[in-house]
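S.K.: Listed below are the residues making up each chain.
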Amino acid sequence: MNPWLRVSIYFVGAPLLGGLLAGWDRRISARMQSRQGPPLLQPFYDVLKLWQKENIVVRRSQNFYIFFFLLLVIFTGALFFAGSDLLLVIFALTLAAIFFVLGAYKASSPYSFLGAERELLQMMAYEPMVLLTAIGMYMVTRSFYVHEIASHPTLLVLGLPGVFLGFLYTLEIKFRKSPFDLSSSHHAHQELVRGITTEFSGRALALIEIAHWYETVFLLGWVYLFFAASPLLGAAVSVLVFLFIILVDNVFARLTWQTALRSAWLAAAVLGGGNILVLSLLR
Amino acid sequence: MILGPLAAGAGLACLKPERLRRLLVASVTLAVAGGALALARLPAPGDLAGFHHHALNLAMSVVEAGMGLYVIYVGSRARRPLIVALMLAQAGLLGWLEWAHGSRLVAAHNLFLDKLSIIMALINGLVGGGICLYALGYMEEYQALHREVADRRPFFFALLFVFLGAMFGVIFANNLLWLFLFWEITTLCSFLLIGYTQTAEARRNALRALEMNLAGGLAFALAIVWLFQRTGSIELQTLITQKSALALAPAALLCFAGLTKSAQMPFSSWLLGAMVAPTPVSALLHSSTMVKAGVYLVLRMAPIITGTKVGLLVALVGAVTFLIGSLAAISASDAKKVLAYSTVANLGLIVVCSGIGTYAAVWAGVLLIIFHAVAKCLLFLCVGAVEHRLHSRDIEAMSGLLLKMPRLAVMMLIGMAGMFLAPFGMLISKWAVLKAVVDAYPALSLFIVFGSAATLFFWVKWMGKLLESVHPQEPERSDLALGESLALYGLSATTFLACLFFPLISSRFIEPYVVGVYGQCVSMSPGNLIIMTIMMVMILLFPLSFLNYGRGVKVMDAYLGGANLHSSVRFLGSANQPQTVTTNNYYLRSFFPEPALARWGVMLGTALLACMLTLAVAGPGAEARTPKETLKPEVQAPPPMVQTGAPDEAQLPANSATRRRPDFGLWNRRL
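The listed protein sequences derive, respectively, from chains A and B. The working numbering numbers the first residue of the first sequence as 1 and each following residue consecutively. The working numbering numbers the first residue of the second sequence as 284 and each following residue consecutively.
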């Protein structure tokens, strides 16, 4: 498929798919807690409602950062689905996340400040494994390009079982779900309030939601990459991974940042690093 | 160019009047920068013939002897037997060499010039020159603020220029004896500059710097003697083009010298201690001179040590330094200390590149040198200026700096972005380093990924501190001196321009050098360049959003649990006590304790260096380079990089199956 076509489909389709997934997430979570849950399209209603709200800020420039966060998240996904260099995709993703964090710093409220600090901690926790995932894929396929990785004839996960597990671990952090909802709790009645998004409301919050939809699709696309040789299996595993993350979210309580950081780095070093060591010895 | 600054230094030492000094500093800086630029435009760099003069050699010997005597005097007065012993050992070695082979110690070319030396000269001339301009204004403020420090400005500026001159000497020298002389001058200058304030701490740190660099000097002297014994030559070019493993031991010794000077792990404490000096000194040591002389030498050795165990150990030292330096920077709240750790870490990355020594790695290493020099210098100068205005260099004190000193804060943010953020220079380099490392030693990439994660953390939290303004701030009047503004604006612009013109820098300077040494080179593929450019444009668009500043928004107080006392910063606490909000960054001091990290660094670094020296010196030399080790994975051209200038592709194995058979010997070292 033409890369431009893929990017166009991503640009239009990702928010739709991401929004549906978010609605599905809420329904499944509700069922796990013996609740009825909102309608499937609730996330879209939420965003539409947020869009009509008054624009309230603490600092006048705080929302600019959020706009660029969304822009760069979309850009990251576009790079990914266009088949670009995986390392550049990661760097773009980091840049996007930094805009989000800086926006929260700029908002200058204690809760968003704390959220920003913790989000940084989480970034520090997942960054090594994300890079190791790219390196592992390179070692199997000899290419950093997503389109070449995707067209590799064998299932990547066979050569990268450790990296895949480690990547799952980072996904938990990346989705900011329990046990790693350190920076932004979905339940605003807790000590953290809403953490990093505390001071964002109205359109800014809507933009953040949309960015998360794009991000979800992009990250599940990356999961798919491990199974790209067999598209059906890949799609199935991506869905399973999404369900698994919801399950974990509902089963675990929040970890302390110490445990989160330590365990994430340990997972990266042992699962990711070990896998890469074995690969380099086999080479 | 070497003599100009040296002479200016001598002149400045005698000049007392402030105005004359300004004139001289400005004109010499311009001349040096102009010279460096003119050099860059030279069509075909080559060996510089000439400069054989008996008197010149005699003068050098006299300078060397004088320096030796001074160091011994300093060492004995400070009761540091180690300094005296190191100096005596060096003097003994070189004296013996002179005495035994005096007449044969000649080099066909005392100086030489290639693209790498031109790059270094540009950095030295432009960045170093900028620092000298900045120092004019800064030192005036400094002396006014620190009345207790004796005003020795003529001496200070003289040293700065001698330093710059010696640095040019290090870059252009081909005769190793000359190189050694300039090397020792930089050591001595840094000792004197670090000890400028003459407080007890400054003296102690200066002596430590001297001690460690003299250890490197001793290794340097040993390398010269060794090389001469083995090959009968004292030329750098001969050493680099030595195909035999004869060169391995001297190269390892020179690497050791380079590692001391570039403050790699067992020796990094001298660079951290150098913070006590006035800021221009730190900037000079950290960005354009001194440490860059160290990595320059190690980078020069890259073609010799590539694929050997020595190379692997050098790369490991760099990797350990990068990781530990980055982790330690998290726990530091002193801005200068964060910068110092980040310097140590980034130099580690350059050393990793040199140790790997493949063409892709060397390309990345040179890129790192360029971008690091510019961004780090900018950051140091900003911190210096901020320190004078806030009377603190604690990062916590910089809260809301964007409102208080918008210009300085923006420049600082640019510098930080330049240090770690896509699509700025350092990130391009890190991208290249990662690729080079994965191709050569994948296990080393572990150090790099964890180190980069830490880098991200400490830079962003600093950026956040500049942006956040929990407490309202009033803007202060900007009162930068002319030289200061020139240096700061110039460097900020350079940080941007270096990224925009990065393809040009790469194709004009770095690629010719790497092709000259390895016969092939890499670069960024056009597709990736376009992506980087798009990202750059996005970043540049960000300031435009401020055109919309404050439109259509309603400003409210921050959420304080609903207990606000009519403000964003005061709230009603427990027992109805009014409380004020304070926010501080995470430093994770119990998680990444600095002393423990330093201890680990010293232990690991010492062990690795000991292994390296034993391997190089006691090892059988020629046998150290078994075919298995020369097998480099870059055989298979990494697809994301574009191959340029590969003259004989036929030597490259066609498929990956060949990679498993290590029987093609030294194919990858076409020199």
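Where hints are given, some of them may not hold.
Which chain A residues face chain B? A few, computed with CB under 10 Å, are given here [what the hints assert, rightly or not]:
id : residue
1  : TRP4
2  : GLY37
3  : ASP85
4  : LEU87
5  : LEU88
6  : ALA104
7  : MET123
8  : PRO128
9  : PHE242
10 : LEU243
11 : PHE244
12 : ARG262
Simulated from the structure, these hints should not be mistaken for lab results. None of these values were measured; they are calculated from a predicted model. Beta carbons are placed, not taken as given, at the ideal position from N, Cα and C, and that holds for glycine.
S.K.: Now, for every hint given, state plainly whether the structure supports it.
M.R.: Against the structure, the hints:
1. Using the Cβ-Cβ criterion of 10 Å, the hint placing TRP4 of chain A at the interface with chain B is not satisfied: the shortest such distance is roughly 13 Å.
2. Hint status for GLY37 of chain A relative to chain B: violated, with the closest Cβ pair at about 28 Å, above 10 Å.
3. Given the 10 Å rule on beta carbons, the hint for ASP85 of chain A holds: about 5 Å separates it from the nearest Cβ of chain B.
4. For the restraint placing LEU87 of chain A at the interface with chain B, the shortest Cβ-Cβ distance is roughly 5 Å, inside the 10 Å limit, so the hint holds.
5. Contact between LEU88 of chain A and chain B, as hinted, is supported at the beta carbon level, the nearest pair being about 6 Å apart and thus within 10 Å.
6. For the restraint placing ALA104 of chain A at the interface with chain B, the shortest Cβ-Cβ distance is roughly 8 Å, inside the 10 Å limit, so the hint holds.
7. Annotation: interface hint on MET123 of chain A holds; nearest CB of chain B at approximately 6 Å, less than 10 Å.
8. Checking PRO128 of chain A against chain B: minimum C-beta separation of about 4 Å stays under 10 Å; hint holds.
9. With 10 Å as the threshold, the beta carbon of PHE242 of chain A stays out of range of chain B, its nearest partner Cβ sitting at about 25 Å, so the hint is violated.
10. At a threshold of 10 Å, the smallest CB-CB gap from LEU243 of chain A to chain B is about 29 Å, leaving the interface hint violated.
11. Nearest Cβ of chain B to the Cβ of PHE244 of chain A: about 25 Å, over the 10 Å cut. The hint is violated.
12. With a least beta-carbon distance of about 8 Å to chain B, the hint placing ARG262 of chain A at the interface is held under the 10 Å criterion.
The earlier numbered hints that this structure contradicts are 1, 2, 9, 10 and 11.
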